[in-house]
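Protein chains in written order, with the numbering used here: chain S, 118 to 199; chain V, 118 to 199; chain G, 12 to 157; chain F, 12 to 157.
Just to be clear, a hint being listed does not mean it is correct.
[Claimed, not checked] Cross-link-like lysine-lysine pairs, in silico, DSSO-like; alpha carbons within 30 Å at most: (1) S:Lys-161 x S:Lys-122; (2) G:Lys-126 x V:Lys-161; (3) G:Lys-126 x V:Lys-122; (4) V:Lys-122 x V:Lys-161.
These are computed hints drawn from the structure, not numbers from a lab.
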Amino acid sequence: MNGIKILLFGAAADRAGTRETVLPVEEEVALGDLWPVLAGRYPKLAEMQHNLAFAVNGEYARMEDRVSSGDEVAVLPPVSGG
Amino acid sequence: MNGIKILLFGAAADRAGTRETVLPVEEEVALGDLWPVLAGRYPKLAEMQHNLAFAVNGEYARMEDRVSSGDEVAVLPPVSGG
Amino acid sequence: MFAIVEEPIDVGSLIVAAQRPDCGAISTFIGTTRIDESDGARVEHLEYEAYRPMADRKLEEIGAEITERWDVREISIVHRLGRVNPGEPSVAIVVAAPRRGPAFEASRYAIERIKQIVPIWKREVWSDGYMWVGSQTGTRSTPAAK
Amino acid sequence: MFAIVEEPIDVGSLIVAAQRPDCGAISTFIGTTRIDESDGARVEHLEYEAYRPMADRKLEEIGAEITERWDVREISIVHRLGRVNPGEPSVAIVVAAPRRGPAFEASRYAIERIKQIVPIWKREVWSDGYMWVGSQTGTRSTPAAK
Numbered sequence: 118m119n120g121i122k123i124l125l126f127g128a129a130a131d132r133a134g135t136r137e138t139v140l141p142v143e144e145e146v147a148l149g150d151l152w153p154v155l156a157g158r159y160p161k162l163a164e165m166q167h168n169l170a171f172a173v174n175g176e177y178a179r180m181e182d183r184v185s186s187g188d189e190v191a192v193l194p195p196v197s198g199g
Numbered sequence: 118m119n120g121i122k123i124l125l126f127g128a129a130a131d132r133a134g135t136r137e138t139v140l141p142v143e144e145e146v147a148l149g150d151l152w153p154v155l156a157g158r159y160p161k162l163a164e165m166q167h168n169l170a171f172a173v174n175g176e177y178a179r180m181e182d183r184v185s186s187g188d189e190v191a192v193l194p195p196v197s198g199g
Numbered sequence: 012m013f014a015i016v017e018e019p020i021d022v023g024s025l026i027v028a029a030q031r032p033d034c035g036a037i038s039t040f041i042g043t044t045r046i047d048e049s050d051g052a053r054v055e056h057l058e059y060e061a062y063r064p065m066a067d068r069k070l071e072e073i074g075a076e077i078t079e080r081w082d083v084r085e086i087s088i089v090h091r092l093g094r095v096n097p098g099e100p101s102v103a104i105v106v107a108a109p110r111r112g113p114a115f116e117a118s119r120y121a122i123e124r125i126k127q128i129v130p131i132w133k134r135e136v137w138s139d140g141y142m143w144v145g146s147q148t149g150t151r152s153t154p155a156a157k
Numbered sequence: 012m013f014a015i016v017e018e019p020i021d022v023g024s025l026i027v028a029a030q031r032p033d034c035g036a037i038s039t040f041i042g043t044t045r046i047d048e049s050d051g052a053r054v055e056h057l058e059y060e061a062y063r064p065m066a067d068r069k070l071e072e073i074g075a076e077i078t079e080r081w082d083v084r085e086i087s088i089v090h091r092l093g094r095v096n097p098g099e100p101s102v103a104i105v106v107a108a109p110r111r112g113p114a115f116e117a118s119r120y121a122i123e124r125i126k127q128i129v130p131i132w133k134r135e136v137w138s139d140g141y142m143w144v145g146s147q148t149g150t151r152s153t154p155a156a157k
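With the hints as extra help, turn the sequences into a complete structure.
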């Protein structure tokens, strides 16, 4: 796949209106660099920024972690299992 | 029944060699007054005196509680249910 | 439901019976027969006896103590008597509550209280004799220090 | 055993599978769907979704954390996805240990950790709309203060 696959869950999927999208990237970037693009594309998602966590390839990640084409990024609202 | 019915359980029954006996009483006595009689009758039971509790008619009782003919006294080693 | 039984305890059906739409949590405690070993001998099974009906009433008292202290909507305590084989349940406690904190606390409280006030006794039947738990009385020649 | 399932959870068989002769205690926690009411509306059921396989791995991680901290011999955590009706289990935790203290502590720890790190989300489906728990997002016009 060309670009970064974005998965959205729970309230984040609701607010974005989609469960999956792709962000084209040309080179390796910081996870945090993706956020303005996502927030611009989904303004209602942007409102919950401070409640979101992120995973890269299935593991919790920080905004400074690097991602590149082919990676899977998950947008995770506060978990509420149990 | 004429007298006080004594029930023994667990290690107390083991040491006394019986699970049940009757102590004749002529009038109301303190529960504590029965102990020398029981201890005399069952010397190996006497050895565990400080580990025993007693019930009168199915409820925990103190040595000063009164008992009389027809009552049921239970000799209770440390409980170990569960 | 508070019961003293002679048969194996069906914990699954106690749990199903405790499922209620006004509760979000069920905490269960099950005591099972653990096989200790010492001096080359081992526990083969446990054997329980009770002073009834006092023991039945004490289980109900524990239930009343719990509903006084916590918001708990369903409590079952079932204790088995007679021979209980290795790994089998001797006691099952099932507590349903709106929230999990009280459910956990109440089921823990129940087992501690059972061990304090319910007139039930167990002896360990070892390969080389038996021993009344808590009383150091039995037929083993080399009683294990408990 | 760590599993995420779409069907009802059979807690009884998880408990039977946890009975071991080297353990004296089994502590179980079951989360069930509680029906809240507010503003004349009520929760009709819950609906769970997960990010898999990350959620599966996180359940296993919790199991590893527990065996590092406590002497526990068997741990099962099963979480259900999809629609869960009132009173039905959404999660079951079964811990077997030689002694009861660690069994209780480990099962409590497991549910707290599930609520912290496992990527599973629930929404309450009310008679007047739905609400994602923890996110204040949904279609109810009068969201209940949680």
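Structure-based check of all given hints:
1. S:Lys-161 x S:Lys-122: holds, 20 Å
2. G:Lys-126 x V:Lys-161: holds, 25 Å
3. G:Lys-126 x V:Lys-122: Status holds; Cα separation ~26 Å.
4. V:Lys-122 x V:Lys-161: holds, 20 Å
In terms of the numbered hints stated before, the structure departs from none.
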